[in-house]
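Hints are included, so try docking the two chains, each in its own frame, into the full complex.
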Amino acid sequence: AQSVTQPDIHITVSEGASLELRCNYSYGATPYLFWYVQSPGQGLQLLLKYFSGDTLVQGIKGFEAEFKRSQSSFNLRKPSVHWSDAAEYFCAVPHAGGTSYGKLTFGQGTILTVHP
Amino acid sequence: DGGITQSPKYLFRKEGQNVTLSCEQNLNHDAMYWYRQDPGQGLRLIYYSQIVNDFQKGDIAEGYSVSREKKESFPLTVTSAQKNPTAFYLCASRRDRGNQPQHFGDGTRLSIL
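Chains as they are written, first to last, in my numbering: chain A, 1180 to 1295; chain B, -8 to 104.
It is possible that some hints are incorrect.
[To be verified] Once the Cα atoms are required to be at most 30 angstroms apart in a straight line, the calculated DSS-like pairs of lysine-lysine come out as: (1) A:Lys1228 with A:Lys1240; (2) B:Lys48 with B:Lys61; (3) B:Lys48 with A:Lys1228; (4) A:Lys1247 with A:Lys1228; (5) A:Lys1228 with B:Lys62; (6) B:Lys61 with B:Lys0; (7) A:Lys1228 with B:Lys0; (8) B:Lys61 with A:Lys1240; (9) B:Lys0 with B:Lys48; (10) B:Lys74 with B:Lys48; (11) B:Lys5 with B:Lys61; (12) B:Lys48 with B:Lys5.
[Said to hold, decoys possible] Each pair of labels, with its calculated beta carbon distance range: (13) B:Gln8 with A:Thr1209: 39 to 49 angstroms; (14) A:Ala1208 with B:Asp50: 16 to 26 angstroms; (15) B:Thr70 with A:Asp1233: 15 to 25 angstroms; (16) B:Ser102 with A:Gly1195: 32 to 42 angstroms; (17) B:Arg100 with A:Thr1292: 14 to 24 angstroms; (18) A:His1189 with B:Asp50: 24 to 34 angstroms; (19) B:Pro30 with A:Ala1180: 20 to 30 angstroms; (20) A:Glu1243 with B:Arg86: 32 to 42 angstroms; (21) B:Arg86 with A:Ala1208: 16 to 26 angstroms; (22) B:Lys74 with A:Arg1248: 40 to 50 angstroms; (23) B:Gln8 with A:Arg1248: 42 to 52 angstroms; (24) B:Leu104 with A:Arg1248: 46 to 56 angstroms; (25) B:Gln47 with A:Gly1195: 45 to 55 angstroms.
[To be verified] Some residues of chain A that are not near chain B, with every Cβ distance over 12 angstroms (derived): (26) Glu1245; (27) His1261; (28) Ala1265; (29) Thr1284.
Just so you know, these hints were derived from the structure itself, not from any lab.
Note that the structure is a prediction, hence the values are computed from the model and not measured.
Don't be surprised by glycine CBs; every beta carbon is placed ideally from N, CA and C.
Just chain B, same shape as in the assembly (with noise of 0.2 angstroms):
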């Protein structure tokens, strides 16, 4: 079947370190887009992909960093420049074609050492 695989569930960081989240989707879809949830206050987005080797900014992209090499994957850097970085990050694709809804992964919880 069809999805979004985002790995590891679970991930811890230590001061200073920089993590790296995968996300893979064989969806064949052309957009890919990050989000950070915390409690209470819905789902961020931090970047966004619509076609290999290109990826835009979103509403709270400092401290973290993208990249499209291949259409399946879009993984998620969180540096250290990320002073908190506690939370549930989930990622989605989406069909580009007119209003297409976007499909989400698991998600992946990072916390604090």
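Bound conformation, chain A alone (with noise of 0.2 angstroms):
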């Protein structure tokens, strides 16, 4: 069955420094992935997907993330972190087989907290 680790629960980063949020996945064949965004009491933004081709990814608010194959990896990445940043990020797998009918596996989260 699919699954989805984020290993960082909560990282702290200064403003103005890069940032890096891990996911791990176990999906039987190559999966498409989605990291999203969600600010307190607010729902999820999509920020980047991955379903084939370039395994380096560019997404919305300057974040892009890499699919690496032999990591089972799909990191999240930014080069200078905004106060704006300071959210919870998802990591999300779709279930596998053929009634997936769209349904998503999700990480645990991580919350990133900006320190000014």
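If you want it as structure tokens, here you go:
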């Protein structure tokens, strides 16, 4: 069965520093993968998605993610963090199988705190 | 602009009471989903629907019910059988084509009085 692990529950960085949020997945075939961001009390917003092709994917708000099949990882990165990036970030992978109906399995989330 | 509207933003339930959370989308999406979010547990799927008049249980359906009478609407009822209903509830929808992502509403926070 598919699964997603976000090893870091909480990460703190200084404004202007670089950021990398980790995501490891377990999936029987080549997956498609998503990163979402959630501000407090809000819904989830899609940051980026990987379907196939280029392993480095660009998203909104200056984020990018790299798909590494050999490491079963899809880590999210940003070269310079802004205070407005403070939020919770979720990695997601689809349910496997022909009747998945677009269902997603989400990681536990990583809370990002940004210090001025 | 198209989007997903969840109402109310905050909802309070008394013991033994059923409450209904609204979810409406004007994206013309076929599929709709309900999730429950608790701190540190990510999102857990309650129910989902691919087409009108059809829906399936997700991972934690006990104590919840849904209907899908219209394409744009997918209300969730939290029944009195749900003993721990305090949570943040998120509705999502998706175009049923290939690998399309889910799009989310802004959520409803349900609390017990």
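**Request:** Measuring Cβ to Cβ, find out whether His1261 (chain A) lies farther than 12 angstroms from everything in chain B.
**Result:** holds (22 angstroms)
**Assertion that Glu1245 (chain A) lies farther than 12 angstroms from chain B (Cβ)** = The assertion about Glu1245 (chain A) holds, with a minimum of 18 angstroms to chain B.
**Prompt:** Per the hint of 16 to 26 angstroms, is the separation of the Cβ atoms of Ala1208 (chain A) and Asp50 (chain B) within bounds?
**Reply:** holds (22 angstroms)
**Asked** Do His1189 (chain A) and Asp50 (chain B) keep their Cβ atoms within the hinted range of 24 to 34 angstroms?
**Response** About 25 angstroms separates the Cβ atoms of His1189 (chain A) and Asp50 (chain B), which means 24 to 34 angstroms holds.
**Item:** Cβ separation of Pro30 (chain B) and Ala1180 (chain A), checked against the hinted range 20 to 30 angstroms
**Value:** holds (24 angstroms)
**Message:** Quick check on a hinted range of 32 to 42 angstroms for Glu1243 (chain A) and Arg86 (chain B), using CB atoms only.
**Reply:** violated (25 angstroms)
**Prompt:** Do the alpha carbons of Lys48 (chain B) and Lys1228 (chain A) lie within 30 angstroms of each other, as the hint requires?
**Reply:** Holds. Lys48 (chain B) to Lys1228 (chain A) sits at ~26 angstroms (cutoff 30 angstroms).
**Asked** Between Thr70 (chain B) and Asp1233 (chain A), does the C-beta distance stay in 15 to 25 angstroms?
**Response** violated (47 angstroms)
**Message:** Run the distance test for Lys61 (chain B) versus Lys0 (chain B): straight-line Cα separation, threshold 30 angstroms.
**Reply:** Holds, at about 22 angstroms.
**Prompt:** Between Ser102 (chain B) and Gly1195 (chain A), does the beta-carbon spacing fit 32 to 42 angstroms?
**Reply:** With Cβ atoms ~38 angstroms apart, the hint holds.
**Request:** For the pair supplied as a hint, Lys0 (chain B) and Lys48 (chain B), confirm whether the alpha-carbon distance does not exceed 30 angstroms.
**Result:** holds (24 angstroms)
**Request:** Confirm or reject the claim that Lys74 (chain B) and Arg1248 (chain A) have a C-beta distance inside 40 to 50 angstroms.
**Result:** The hint (40 to 50 angstroms, Cβ to Cβ) holds, given that Lys74 (chain B) and Arg1248 (chain A) are roughly 43 angstroms apart.
Consistency with the previously given hints fails for numbers 8, 15, 20, 29, ordered from lowest to highest.
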